[in-house]
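A.B. asks: Residues per chain are reported as follows:
There are 2 protein chains.
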Amino acid sequence: MQMSKRISSFQASPIRRLVPYARAAEKKGIHVIHLNIGQPDIRTPEEAIKAVHGYNEPYIAYGLSEGEPELREGLCEYYKKYNATVAPDEIMITTGGSEALQFVFMTLCDPYDEVIIPEPFYTNVSTFAATAMVNLVPVTSRIDDAFVLPSIEEFEARISKKTMAILLCSPNNPTGHVYTRQELSDLLQLCKKYDIFLIVDEVYREFCYDGAKFTSVLTFEEYADRIICIDSFSKRFSMCGARIGAIVSHNKEVLASAMKLAQARLCPPAIEQVAAVAALKAPEEYIEAVREEYERRRNMLVSGIQEIPGCKVSRPKGAFYFVVDFPIDDAEKFSVFMLRDFSWEGNTVMFAPAEDFYVTKHLGKTQARIAYVLNEDELRKAVKCLEEGLKAYRRKCCNQQGFSGYNQ
Amino acid sequence: MQMSKRISSFQASPIRRLVPYARAAEKKGIHVIHLNIGQPDIRTPEEAIKAVHGYNEPYIAYGLSEGEPELREGLCEYYKKYNATVAPDEIMITTGGSEALQFVFMTLCDPYDEVIIPEPFYTNVSTFAATAMVNLVPVTSRIDDAFVLPSIEEFEARISKKTMAILLCSPNNPTGHVYTRQELSDLLQLCKKYDIFLIVDEVYREFCYDGAKFTSVLTFEEYADRIICIDSFSKRFSMCGARIGAIVSHNKEVLASAMKLAQARLCPPAIEQVAAVAALKAPEEYIEAVREEYERRRNMLVSGIQEIPGCKVSRPKGAFYFVVDFPIDDAEKFSVFMLRDFSWEGNTVMFAPAEDFYVTKHLGKTQARIAYVLNEDELRKAVKCLEEGLKAYRRKCCNQQGFSGYNQ
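These protein sequences, in sequence, are chains W and B.
Numbering of the first sequence is given in my numbering, commencing with residue 1 and proceeding in unit increments.
Numbering of the second sequence is given in my numbering, commencing with residue 1001 and proceeding in unit increments.
With the rest of the complex left out, here is chain W:
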């Protein structure tokens, strides 16, 4: 008995596969600072927790496959803040943004169809594409260009008969780029020309910095039929474990088709939907305070890492990640070293090696994705760990393999 060839070919999540090393470090009494995962330490809105405490149904019943009406109505209200007009039946609640992406791949694509995506991108998209047997066709965005949208010509050059959609994430995980109205407009024109969809994952919508304004793809009404927005409560309300996401589209056929998948899995989690309804009622100040907090953290961590000799960082404009290029041979080896062989005053750092955030081979090998979701004290310690860790790693490499690194 063997496992399937496909499962054997799937990658383990680079965000999570080093967890055993982290656990081993923790067992040794080392404090591991988790920059690998976007798990904020910010409080969930108290409205959400209170709603959970007020849950008072006699039994936890199946809900509607498309999600509870109250939640979809609440989202419609919420989208108005972003100048988007959405009706409740244009929303399907999913079990996290993860399920939303899986449903959309299955709905739009047959096996071997293609979706074009700027790389680096959120690595789990690879697994969702692979389960749907969809080929991701990358267009490389570059750290030296601050990860802006590559030229439309580059996208156009990759469109084939098998292309069903272009997939963006804005604000971007992992690069922090916030796509401009112009960039979105250019892409939509291209999508119209080739009659394909634009899918935009906007789960970090709230988190734009330096006064930048966010443009939701849902505001492009003339292209309404070819737009699919992926959403999630995880980051916005610091409720990642709730697994409440959504597919939003004015295209009724997309939702009616995805409904077949939704009905098969019955419904999204019930109590978490109650929490989500309440979270939407959190005051505007909650979100604004969270945004400000992330901006402070970004400022602190980006400056700190930029000052480490040899580290290259593109200052992110949104979300709560950035990509760092380390002066080393291999970010995954460095990550293992940090967890297994290194500590600084009892601390070490875990980050996500970025190679699997690229489809193109050999790109991103020296890069990592860093999440700045922890408080500033932790981030300060993290900078020091990275600085000392890099020195130690490069010393070790020099000794063992004569590796000289990037001596700058």
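These are calculated hints, taken from the structure and not from any lab test.
The model shown is predicted, which means the values in this text are computed figures rather than measured ones.
The reader is advised that the hints may include incorrect statements.
[What the hints assert, rightly or not] Taking lysine to any residue and the SDA-like style, the derived pairs with C-alpha atoms no more than 20 Å apart in a straight line are:
| no. | chain 1 | residue 1 | chain 2 | residue 2 |
| --- | --- | --- | --- | --- |
| 1 | W | Lys5 | B | Ile1196 |
| 2 | W | Lys281 | W | Asn83 |
| 3 | B | Lys1005 | W | Asn251 |
| 4 | W | Lys252 | B | Val1019 |
| 5 | W | Lys252 | B | Gln1002 |
| 6 | B | Lys1050 | W | Pro58 |
| 7 | W | Lys50 | B | Glu1057 |
| 8 | B | Lys1027 | W | Pro69 |
| 9 | W | Lys391 | W | Gly310 |
| 10 | W | Lys252 | B | Val1139 |
| 11 | W | Lys5 | B | Asn1135 |
| 12 | B | Lys1312 | B | Asp1144 |
| 13 | W | Lys5 | B | Lys1161 |
| 14 | B | Lys1005 | W | Ile196 |
| 15 | W | Lys80 | W | Phe220 |
| 16 | W | Lys252 | B | Ser1004 |
| 17 | W | Lys50 | B | Ala1061 |
| 18 | B | Lys1161 | B | Asp1144 |
Dock chain B against the given chain W, drawing on the hints supplied.
C.D. replies: Using the frame of chain W, we list chain B on its own:
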């Protein structure tokens, strides 16, 4: 822009696709008695609801992809009641039994591989198989044989190089058959001979009637490596909306492989896992009272429907469903008629047409799956509705099409 061919070929759930008719009936003020879906009206254990009320984390954080340790440990204790010895790392918590089945298909099978399954079977398995591009190969179990396991020769005749597993559900949804130790043992011998897996969905494990004893597949230790058990909290604790299920296997490679899918979707819902941990602590009397309640309901509804002229029922031994063969031309048309054109004293009945519970064409066309999860008052009304509805439907068919039905 068109939807994918595959999504267009997927069936809409026969359990849920008639919901628009039910809603329209309800809008007209008609009380719809839902025999279509296994949504019990029995209380969730108060331990679970109290645990939800006691949820007191500052933020709803991501959990482990394989589920919380406390929940997996709790399940190990629970399985002891069924004489099964399971370790926490032999359990993966999933978002419902639905996700467990999807993970197992992806893990064991490549596209066009085959899984053998007795039909009729829980219809959503078809969609999970289709998303994984797995072909379900049916072996027909028959109402006249009380839906016992078809002969081992019939299974053996269907094994090919592409067969990766046999999939059972025991106690069975939709037939109510409880597979005996001998039936399981015979199948496991066959699986060993051809080096394939046996997957058993045991989510109705508690619900066996007439003093019948349940045999868990987890007790067959000599075949441990080729056994995968699917589990869920939904039915046992009347918490269908919680979406907490599990994959249980002594085969470490199965769990390690499924882990790639689990990590990509991050984690199962957090608060619902807290509820599940507490539900496992409900006293034995809770489950026993629920079991007795279902047994009473079964007795009432089965007897009632057996007395309707022309209705054939195989008395179920477990779970909370049975298959009824109606004296009509088409159970789906009859279901639409019941919801759209009929009421009796302000009531009508919704049930799940059974044709989609079969792979073999034309089987089950006159059959429906009936769930007996409602209280006896509702069930009594349901019997009367079905009796009167059948008369009215057959009169209408005779008038319109000269259809004579099965005049018995």
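A.B. asks: Each hint: holds or not?
C.D. replies: Checked hints:
A C-alpha spacing of about 15 Å is found between W:Lys5 and B:Ile1196, which places the hinted pair at or below 20 Å, so the restraint holds. Proposed proximity of W:Lys281 and W:Asn83 is supported: the alpha carbons are some 18 Å apart, at most 20 Å. Our distance criterion of 20 Å between C-alpha atoms is met by B:Lys1005 and W:Asn251, whose separation comes to about 17 Å. A distance of roughly 18 Å separates the Cα atoms of W:Lys252 and B:Val1019; the hinted pair therefore holds under the 20 Å criterion.
Pair hint W:Lys252 plus B:Gln1002 holds up; C-alpha atoms about 12 Å apart against a cutoff of 20 Å. As the CA atoms of B:Lys1050 and W:Pro58 are separated by approximately 12 Å, the hinted pair is consistent with the 20 Å bound. Between the alpha carbons of W:Lys50 and B:Glu1057 the distance comes to roughly 12 Å, so the proposed pair stays at or under 20 Å and holds. At roughly 16 Å between alpha-carbon atoms, B:Lys1027 and W:Pro69 fall within 20 Å of each other, so this suggested pair holds.
Annotation: proposed proximity of W:Lys391 to W:Gly310 holds, straight-line Cα distance about 11 Å (limit 20 Å). Between the alpha carbons of W:Lys252 and B:Val1139 the distance comes to roughly 38 Å, so the proposed pair goes past 20 Å and is violated. Of the supplied pair hints, the one linking W:Lys5 and B:Asn1135 holds, its CA atoms being roughly 16 Å apart against a limit of 20 Å. Annotation: proposed proximity of B:Lys1312 to B:Asp1144 holds, straight-line Cα distance about 9 Å (limit 20 Å).
At most 20 Å may separate the alpha-carbon atoms for a hinted pair to count; W:Lys5 and B:Lys1161 meet this at roughly 15 Å. The hinted pair formed by B:Lys1005 and W:Ile196 meets the criterion: a straight-line CA distance of about 15 Å does not exceed 20 Å. With a CA separation close to 14 Å, the supplied pair W:Lys80 and W:Phe220 stays within the 20 Å bound. The straight-line distance between the Cα atoms of W:Lys252 and B:Ser1004 is roughly 15 Å, inside the 20 Å bound, and the hint therefore holds.
Between W:Lys50 and B:Ala1061, the direct Cα distance comes to roughly 16 Å. Compliance with the 20 Å bound is thereby established for this hinted pair. With a C-alpha separation of about 32 Å, the suggested pairing of B:Lys1161 with B:Asp1144 is violated against the 20 Å cut-off.
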